[in-house]
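> Sequence:
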Amino acid sequence: MLSNFYWVLENEIAGMALPTAGRAFHFLDNADLAVKEELEREIQELTLHGIGSVVSLTESPIAAKPLIDAGFRFLHLPIPDMTAPTPSQIEEFVHFAHTSVAEGKPVVLHCLAGAGRTGTMIACYLVSKGEPPLRAIQTVRNKRPGAIETRWQEDAIFEYAALLQERQNLT
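In short: position in the sequence shown from 1, add 5, done, that's my numbering.
Check before you lean on any hint, since a few could be wrong.
[Said to hold, decoys possible] Using C-beta positions, here's what the derived DEER-type ranges look like:
(1) Glu-136 - Glu-45: 32 to 38 Å
(2) Phe-163 - Ser-8: 25 to 31 Å
(3) Glu-171 - Glu-97: 14 to 20 Å
Derived by calculation from the structure, the hints in this document are not laboratory data.
Every residue gets a Cβ at the ideal spot worked out from N, C-alpha and C, and that includes glycine.
Go ahead and model the full structure; you've got the sequences and the hints to work with.
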């Protein structure tokens, strides 16, 4: 069962906690049958939700191969727990998310709890779509109470918004 799954923009972008079986996927070849069955159930649930792309924000990703084999797009951006993504990680994620959505492959992000790193990146995605940073933070927190856990994560969202504004002013 998917842990803490939540849509922020229906059929576009969602967040969740680390998949239950994700903890064992690093060694999938050695994983027992129960773990492999749990992975299959989670892939089915993601498919039922309409997800087509998965972004892993934990320092160690879940195994990409089973997801890719099932037709998912996959991106791993390692961000230490309770910290903020770098500007380049935000840019890479936002590009990946926009491309995925344009291809009809809604995105789910996960970190450990689906709150801090996940919420931060989802808020940055909302900012990239024109939502002011404070409203983006509130939107994410309305969907996932406790999301965006640190001041550094909030700052990253505001800094990303400022970067986008600066680029817009140059054009």
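> Any hints this thing doesn't respect? Which numbers, in order?
none
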